[in-house]
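Go by the hints and put chain B onto chain A.
Those protein sequence lines, which keep their order, are chains A and B. Residue numbers 1 to 47, in the working numbering, belong to the letters of the first sequence in order. Residue numbers 48 to 581, in the working numbering, belong to the letters of the second sequence in order.
Because the hints were derived from the structure by calculation, they are not lab data. Note that this is a predicted model, so its numbers are computed, not measured. Hints may contain errors.
[As the list claims (entries may be wrong)] Label pairs and their computed distance ranges (CB to CB):
| hint | chain 1 | residue 1 | chain 2 | residue 2 | range |
| --- | --- | --- | --- | --- | --- |
| 1 | A | W29 | B | F114 | 43 to 49 Å |
| 2 | A | T42 | B | N157 | 49 to 55 Å |
| 3 | B | R117 | A | V46 | 58 to 64 Å |
Just so it is clear, CB atoms sit at the ideal spot from N, CA and C, and this is done for glycine as well.
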Amino acid sequence: MSTPIPPHYLGFRIVLVVVLLAALAGAAWWVVRPEVLAEILTFLGVG
Amino acid sequence: MLVAIGVLIGIVLYAFACGFALFWVVGPGMPFALVAGVAVGVLLPLVVLVGTLLRVDRFAAPTVTPFDVRERLPKTGTNFERDGAWPNYLFAQSRTDLGTAVEHTTNVVNRMWTRTTAWVRGGSVVLLFWPLLLLPLVGAITLTLAAVATAIAAYALLGVVLAVAWLGWLLVVGVLRGVDLGVRQLRRARATCHHAGCNHRSMLPAYRCRCGVVHHDIRAGRQGAFVRRCECDHLIPTTVLQAAAGLVPVCQNCNRELRVGAAVLTDVLVPVFGPASAGKTRLVLAGMVALGRHLRAVGGSLRPVGPESEATFSEATTVVESGRQTTKTDASQPPAGVTVRLSVARRKVLLHLFDAAGEFFSNREQNSELPFLGDAQGLVFVLDPFSVPAVADDLHGALAPRLSRAQPARMHPEQSYLVTVQWLRDQGVALTRKPLAVAVVKADLLLGLPPAADLNVDAESGEIETWLREKGLDNLLDGAARDFGEVRFFLVSSLEAGTDVDGWADRTSPARPLLWLLGRSGVAVAEQKVPVTP
Chain A
1 MSTPIPPHYL
11 GFRIVLVVVL
21 LAALAGAAWW
31 VVRPEVLAEI
41 LTFLGVG
Chain B
48 MLVAIGVLIG
58 IVLYAFACGF
68 ALFWVVGPGM
78 PFALVAGVAV
88 GVLLPLVVLV
98 GTLLRVDRFA
108 APTVTPFDVR
118 ERLPKTGTNF
128 ERDGAWPNYL
138 FAQSRTDLGT
148 AVEHTTNVVN
158 RMWTRTTAWV
168 RGGSVVLLFW
178 PLLLLPLVGA
188 ITLTLAAVAT
198 AIAAYALLGV
208 VLAVAWLGWL
218 LVVGVLRGVD
228 LGVRQLRRAR
238 ATCHHAGCNH
248 RSMLPAYRCR
258 CGVVHHDIRA
268 GRQGAFVRRC
278 ECDHLIPTTV
288 LQAAAGLVPV
298 CQNCNRELRV
308 GAAVLTDVLV
318 PVFGPASAGK
328 TRLVLAGMVA
338 LGRHLRAVGG
348 SLRPVGPESE
358 ATFSEATTVV
368 ESGRQTTKTD
378 ASQPPAGVTV
388 RLSVARRKVL
398 LHLFDAAGEF
408 FSNREQNSEL
418 PFLGDAQGLV
428 FVLDPFSVPA
438 VADDLHGALA
448 PRLSRAQPAR
458 MHPEQSYLVT
468 VQWLRDQGVA
478 LTRKPLAVAV
488 VKADLLLGLP
498 PAADLNVDAE
508 SGEIETWLRE
518 KGLDNLLDGA
528 ARDFGEVRFF
538 LVSSLEAGTD
548 VDGWADRTSP
558 ARPLLWLLGR
568 SGVAVAEQKV
578 PVTP
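Bound conformation, chain A alone:
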């Protein structure tokens, strides 16, 4: 196939990546909240 991949393929993929990264960022934000982070550190025995 010599023709380039349709731009809408890239568009859809970028949207999906953005959604994934947003979900990951949301999860990271939830984890680094002081109360959750404290729980984790306590669980690890370093808090």
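Chain B in isolation, oriented as in the chain A frame:
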């Protein structure tokens, strides 16, 4: 004894070491193993997914191209396979991308377990340190569970995103298809193949891309919502209304090019039937010329479409203006349609006139070679009054030359009518929904003769019918009234166009049956001058 003591001490020391490892190493290390397992397990599917979607080297999924659509997309509801166009991301590539990411993630986890178990199996000495192995074991189990959970969550999330996109696509496709079809239905547009022997009619023509690839179904769908991308990378609109602006329409049946404007403009198909030598061709030629003049008089226009139609129209003009005799229609093959584009009252119409040689209407087998008969909006039956025995029998003696000058059709009109109509009935054609124009031709020769003493140029449909009954055509007329939804009779002289100085068609103009059938097809054209009041 010493050996036993030594073994006992060894066991105790090993047990102590194990206990020490469990208590001081494994115990404190376990939360770290758990957290690390969760962290890696969460990140693993996400990293692989992002890598796959961004096509990072070995993570990249294979691309679904136009050459894969026949395997990857559901079959079409038509007789044709999928067209050579790129599929929409939602219907093939998305599954390939997500499937590839799952495959990569599973491979990573599998490899981790394979290597770990191989390492443990490889050396039995390693098993002596079993308490320490608990840490990587717990880490691997946690990683696996976290990876599975994250993958499920991530795929559910992407599934929701794709489902929302799918709903949007469904809405766009529905609206586009509905508007495209609705506008064309209102216009009564159809794609009529004018080529001899085909005459296929449909609402949806195929379109040929500039690269030569024929797209049989350009409508919005799995291969594009607003536009589709041909395998040559050319963009093709997904509505017939837009495609007609720049693409070549192609017949779905014979793959040959259709007239410009097919399936977009109002489409009227009018076949002319009747026995050989009845005057069908003359009626069509003079009718076209007369219709052109009449339309110009009412502010419209008529122009032939396509080189064959242009040649026929040019010949028609010459024949009508010079009064030259019409040549016999080729009976060796079915006719190609003559297409003229009419413009009247802001409405644009493609009128296809089909004129087959009379031999085709002489028996059922030959009728079957004329598929256009079955899908016409209305038909014109050409009735040669000189072929009616009651008329011909009265023309003897001094009037005999008038009969021979008329070159009457050899077949009785009733026979020709019955053969064609019976064939149409057998084909399941709903004739009762169609109008029939009966053109009693050669009026220029007929009027003034004793058998036509009751007729004059201003004869109305009812008067013509009465006269035909008097001449013994009751069976034919009763049959026509029974077969067709509406029947109107016209007295026609096709020797000339039959138009006045302004171009208006007079009472015996060959344009009259066509104007009436156009009106029955929703294309109203003023038939008579509005008298100007001082």
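Structure-based check of all given hints:
1. For W29 (chain A) and F114 (chain B), the Cβ-Cβ distance of about 44 Å falls inside the hinted range of 43 to 49 Å, so the restraint holds.
2. Taking 49 to 55 Å as the suggested C-beta distance range, the pair T42 (chain A) and N157 (chain B) does not conform, at roughly 34 Å.
3. Take R117 (chain B) and V46 (chain A): their Cβ atoms lie about 59 Å apart, and the range 58 to 64 Å holds.
Comparing the model with each earlier hint shows a violation of hint 2 alone; every other hint is respected.
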